[in-house]
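Here are the chains, one letter per residue:
There are 2 protein chains.
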Amino acid sequence: MKIVVTVSNEDEVRLAEKADIIEFRLDLGNFSFKTDKEKILTIRRKVDGGSFEGDENERLKKIVELSKLFEYVDLEVDVPEWVFEELKKNNKKIEIIESYHNFKETPNYLSLKDLVENRRGDILKIATLGKSFEDVKKITRILLDYEKVVAFLIGEKYSFTRVLSIFLGAPLIYCYVLKPKAPGQLELNFVYDLLKKVGLK
Amino acid sequence: MKIVVTVSNEDEVRLAEKADIIEFRLDLGNFSFKTDKEKILTIRRKVDGGSFEGDENERLKKIVELSKLFEYVDLEVDVPEWVFEELKKNNKKIEIIESYHNFKETPNYLSLKDLVENRRGDILKIATLGKSFEDVKKITRILLDYEKVVAFLIGEKYSFTRVLSIFLGAPLIYCYVLKPKAPGQLELNFVYDLLKKVGLK
Chain A
0 MKIVVTVSNE
10 DEVRLAEKAD
20 IIEFRLDLGN
30 FSFKTDKEKI
40 LTIRRKVDGG
50 SFEGDENERL
60 KKIVELSKLF
70 EYVDLEVDVP
80 EWVFEELKKN
90 NKKIEIIESY
100 HNFKETPNYL
110 SLKDLVENRR
120 GDILKIATLG
130 KSFEDVKKIT
140 RILLDYEKVV
150 AFLIGEKYSF
160 TRVLSIFLGA
170 PLIYCYVLKP
180 KAPGQLELNF
190 VYDLLKKVGL
200 K
Chain B
0 MKIVVTVSNE
10 DEVRLAEKAD
20 IIEFRLDLGN
30 FSFKTDKEKI
40 LTIRRKVDGG
50 SFEGDENERL
60 KKIVELSKLF
70 EYVDLEVDVP
80 EWVFEELKKN
90 NKKIEIIESY
100 HNFKETPNYL
110 SLKDLVENRR
120 GDILKIATLG
130 KSFEDVKKIT
140 RILLDYEKVV
150 AFLIGEKYSF
160 TRVLSIFLGA
170 PLIYCYVLKP
180 KAPGQLELNF
190 VYDLLKKVGL
200 K
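Listed in order, the protein sequences are those of chains A and B.
Here the first sequence is numbered in numbering that gives the first Met the number 0, starting from 0 and rising by one per residue.
Here the second sequence is numbered in numbering that gives the first Met the number 0, starting from 0 and rising by one per residue.
Since the hints were made in silico from the structure, they are not lab data.
Note that CB positions come from ideal geometry on N, CA and C, so glycine has one too.
One or more of the hints may lead you astray.
[Said to hold, decoys possible] Each computed DSSO-like pair below joins lysine-lysine, with the alpha-carbon atoms no more than 30 Å apart:
| no. | chain 1 | residue 1 | chain 2 | residue 2 |
| --- | --- | --- | --- | --- |
| 1 | A | K136 | B | K112 |
| 2 | B | K17 | B | K67 |
| 3 | A | K130 | B | K200 |
| 4 | A | K1 | B | K200 |
| 5 | A | K130 | B | K136 |
| 6 | B | K87 | B | K67 |
| 7 | A | K17 | B | K195 |
[To be verified] Not close to chain B: a few residues of chain A, all C-beta gaps over 12 Å, as computed:
| no. | residue |
| --- | --- |
| 8 | D10 |
| 9 | L14 |
| 10 | K45 |
| 11 | G48 |
| 12 | E57 |
| 13 | L68 |
| 14 | N89 |
| 15 | N90 |
| 16 | D113 |
| 17 | K178 |
Chain A on its own, in the form it takes in the complex:
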């Protein structure tokens, strides 16, 4: 299990000491990519909770171009097949995190199951708006039934599902330093200390 810190500037890179992986959010800032940690490349679109509003083909081309510098690349579930293929062709060892965001609701279990079973990425990341305990149950069942899935609910009230996900075997937990990058994201040092305390780190 690895702790990811999502960063928007170089200061945050420097503060991410306790993280295993840095997620560089190129829609939020510019970076030199200098770090001895593993790196995730993400250019998040506005519709998925990011800031990128440019041309989609330009975005995909930029991702392919920069991917050589990274161990992981984040690709949303609607990204066309050629991008997945191109990335794997360029670097067999690259790990693709296929991401699904839903800021309106958490779909039912069967829809989520469908998402997982049709995934093309090495890891599937599911982030959906939490409204009730039923939503907690849906993602818990997904975590029980599938491996290499990160699944949690968006929203302050459901920040605990990020920890729940790790407890149930998720390979990654996304944290912040300085400023949360998503509603309910937890702070790096808090997560590190918690996982240390319960012996998971």
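Starting from the known structure of chain A, fit chain B onto it as the hints suggest.
For chain B alone, coordinates are given in the frame of chain A:
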């Protein structure tokens, strides 16, 4: 959701400030029962991880006798029906925590399901030895499928399942002050701060 502190002496009662409920372990010490918090009465037998080695009928009679002073009473799954009836007859509002301990293994899902469906207590507490991630999955499924169940794995390595249980709706989490009373029990202030941080307290 309520935080329980299991105590073996008066010092621990005084240190349990952040707890909602005090579990008085009469097999471990003597008490005046002075507290403004809710109280659980427990006389744990050696076979269930406690220190009581006396006559079983004496134990049960003592539990019935003292129960008037308590909001909750802990009765193990093999305690005869008359004790449950007697407690409810004496005090309709008393909540019985029916407890199941297994220091050898975590039984399969169907056995645990059987336990839950045949419960006589208001709350069922399942504490079983954790050996693998499969055991985590078993108790997680139970927590998803039933309400008013506390289920966690015994052992340092699985202390996180105590938090997992709360995340999945368990009504109680058992903690310690000064000294753990069971392998993997978490410290009161740590649990309080964690639950506060994720908005569950």
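A quick look at each hint next to the structure:
For the proposed pair K136 of chain A and K112 of chain B, the alpha carbon gap of about 18 Å is at most 30 Å, so the pair holds. Restraint check for K17 of chain B and K67 of chain B: the C-alpha separation of about 24 Å stays at or below 30 Å, so the hint holds. Taking the CA atoms of K130 of chain A and K200 of chain B, the gap is near 18 Å; set against the 30 Å cutoff, the hint holds. Annotation: proposed proximity of K1 of chain A to K200 of chain B holds, straight-line Cα distance about 27 Å (limit 30 Å).
The suggested pairing of K130 of chain A with K136 of chain B holds, with an alpha-carbon distance near 24 Å, which does not exceed 30 Å. The straight-line distance between the Cα atoms of K87 of chain B and K67 of chain B is roughly 10 Å, inside the 30 Å bound, and the hint therefore holds. Restraint check for K17 of chain A and K195 of chain B: satisfied, since their Cα atoms lie roughly 23 Å apart, inside the 30 Å limit. No beta-carbon of chain B comes within 12 Å of the beta-carbon of D10 of chain A; the shortest separation is about 24 Å.
Against chain B, the non-interface label of L14 of chain A holds: every CB pair exceeds 12 Å, the least being about 19 Å. At roughly 27 Å from the closest C-beta of chain B, the C-beta of K45 of chain A stays outside 12 Å, upholding its exclusion from the interface. Annotated as non-interface, G48 of chain A keeps its C-beta farther than 12 Å from every C-beta of chain B; the closest such distance is 20 Å. With a least beta-carbon separation of about 39 Å from chain B, E57 of chain A lies farther than 12 Å from that chain, consistent with its non-interface assignment.
For L68 of chain A, the condition that its CB be more than 12 Å from all CB atoms of chain B holds, with the nearest at approximately 34 Å. Every CB of chain B lies more than 12 Å from the CB of N89 of chain A, the least distance being 34 Å, so the non-interface label holds. Look at N90 of chain A: its CB is around 31 Å from the nearest CB on chain B, clear of 12 Å, so calling it non-interface holds up. The Cβ of D113 of chain A lies farther than 12 Å from every Cβ of chain B, with a closest approach of about 20 Å, so its non-interface assignment holds.
Taking the minimum C-beta to C-beta distance to chain B, about 17 Å, the non-interface status of K178 of chain A holds against the 12 Å cut.
Checked against the numbered hints given earlier, the structure satisfies every one of them.
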